[in-house]
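Q: One letter stands for each residue in the lines below.
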Amino acid sequence: DAGITQSPRHKVTETGTPVTLRCHQTENHRYMYWYRQDPGHGLRLIHYSYGVKDTDKGEVSDGYSVSRSKTEDFLLTLESATSSQTSVYFCAIGQTQGNTEAFFGQGTRLTVV
Amino acid sequence: SQQGEEDPQALSIQEGENATMNCSYKTSINNLQWYRQNSGRGLVHLILIRSNEREKHSGRLRVTLDTSKKSSSLLITASRAADTASYFCATDARGNEKLTFGTGTRLTIIP
Chain A
3 DAGITQSPRH KVTETGTPVT LRCHQTENHR YMYWYRQDPG HGLRLIHYSY GVKDTDKGEV
63 SDGYSVSRSK TEDFLLTLES ATSSQTSVYF CAIGQTQGNT EAFFGQGTRL TVV
Chain B
1085 SQQGEEDPQA LSIQEGENAT MNCSYKTSIN NLQWYRQNSG RGLVHLILIR SNEREKHSGR
1145 LRVTLDTSKK SSSLLITASR AADTASYFCA TDARGNEKLT FGTGTRLTII P
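The listed protein sequences correspond, in order, to chains A and B.
In terms of the numbering used here, the first sequence opens at residue 3 and continues consecutively.
In terms of the numbering used here, the second sequence opens at residue 1085 and continues consecutively.
Take the hints with a grain of salt, since some may be wrong.
Selected chain B positions facing chain A (Cβ under 8 Å, derived; list incomplete) [to be verified]:
#1 G1126
#2 L1183
#3 T1187
Pair by pair, the computed Cβ-Cβ distance ranges are [to be verified]:
#4 B/G1100 - A/S69: 47 to 55 Å
#5 A/Q97 - B/I1097: 29 to 37 Å
#6 A/P41 - B/I1194: 19 to 27 Å
#7 A/S85 - B/N1114: 23 to 31 Å
#8 A/T84 - B/T1161: 41 to 49 Å
#9 B/I1194 - A/T88: 47 to 55 Å
#10 B/K1153 - A/S71: 39 to 47 Å
#11 B/T1104 - A/P41: 19 to 27 Å
#12 A/G53 - B/G1100: 44 to 52 Å
#13 A/Q108 - B/R1134: 26 to 34 Å
#14 B/E1139 - A/P41: 28 to 36 Å
#15 B/R1134 - A/G5: 39 to 47 Å
#16 B/D1091 - A/D40: 18 to 26 Å
None of these hints come from the bench; they were simulated from the model.
We put the CB at the ideal spot given by N, CA and C, even for glycine.
Construct the entire structure; sequences and hints are all you get.
A: Shown next as structure tokens:
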């Protein structure tokens, strides 16, 4: 398996609190992605990174911010969690833009109550 | 809105039969990939087909790509119980670093 880990794996938080999810890779891949997975919607891209300090928005970026200060770490922050952000979050890494496979983490199940 | 849409949303077949699922996308692509997701797990890459390719094989998998129709199909031959999973297509476009996924097909193989 590719060296990619997400933490935490499960989290329950209250509405209005900040939450940070971490994705850590040991593969030195350039591209890192954050997705959320919800029933009926498949995977939707939140933010992605194409290098240290280089990030861009995906299709569902509102309410989320990201940071990548090191190649190996990509952080996803919910500044003020809402119930609509209850979801399973997946991190993925890729060596090149899209012409090689992406490797996925095991996911983080986030519940906002 | 999402780039890819898989069809059907769910499919149940007997073990040993072939399974076919389709993916349609909206804009021109550079590559198209298929992934599998077992329940509660992350996605696993199955196969990649480039925009200038029409067909590709990998073991029991056969992927076709029709760029004129903006569609792809994934065929799994001689299905096994272990093939039970959700299958997603993913696309990227030239000059765009985004890797965008479809909504998935839930495949159930009945022993």
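Q: Confirm or reject each hint.
A: Against the structure, the hints come out as follows:
1. G1126: holds (3 Å)
2. L1183: holds (5 Å)
3. T1187: Nearest chain A Cβ about 4 Å off; hint holds.
4. B/G1100 - A/S69: 47 to 55 Å: With a Cβ separation near 50 Å, B/G1100 and A/S69 satisfy 47 to 55 Å, so the hint holds.
5. A/Q97 - B/I1097: 29 to 37 Å: For A/Q97 and B/I1097 the Cβ distance comes to about 35 Å; the hint holds.
6. A/P41 - B/I1194: 19 to 27 Å: For B/I1194 against A/P41, whose Cβ atoms are near 22 Å apart, the range 19 to 27 Å holds.
7. A/S85 - B/N1114: 23 to 31 Å: violated (37 Å)
8. A/T84 - B/T1161: 41 to 49 Å: holds (45 Å)
9. B/I1194 - A/T88: 47 to 55 Å: Violated: the Cβ-Cβ distance is about 32 Å, outside 47 to 55 Å.
10. B/K1153 - A/S71: 39 to 47 Å: The hinted range 39 to 47 Å holds for B/K1153 and A/S71, with Cβ atoms some 43 Å apart.
11. B/T1104 - A/P41: 19 to 27 Å: holds (23 Å)
12. A/G53 - B/G1100: 44 to 52 Å: The hint (44 to 52 Å, Cβ to Cβ) holds, given that A/G53 and B/G1100 are roughly 47 Å apart.
13. A/Q108 - B/R1134: 26 to 34 Å: holds (29 Å)
14. B/E1139 - A/P41: 28 to 36 Å: Taking Cβ atoms as reference, B/E1139 and A/P41 lie about 32 Å apart, which means the hint holds.
15. B/R1134 - A/G5: 39 to 47 Å: violated (27 Å)
16. B/D1091 - A/D40: 18 to 26 Å: holds (19 Å)
Of the numbered hints stated above, those contradicted by the structure are hints 7, 9 and 15, listed in ascending order.
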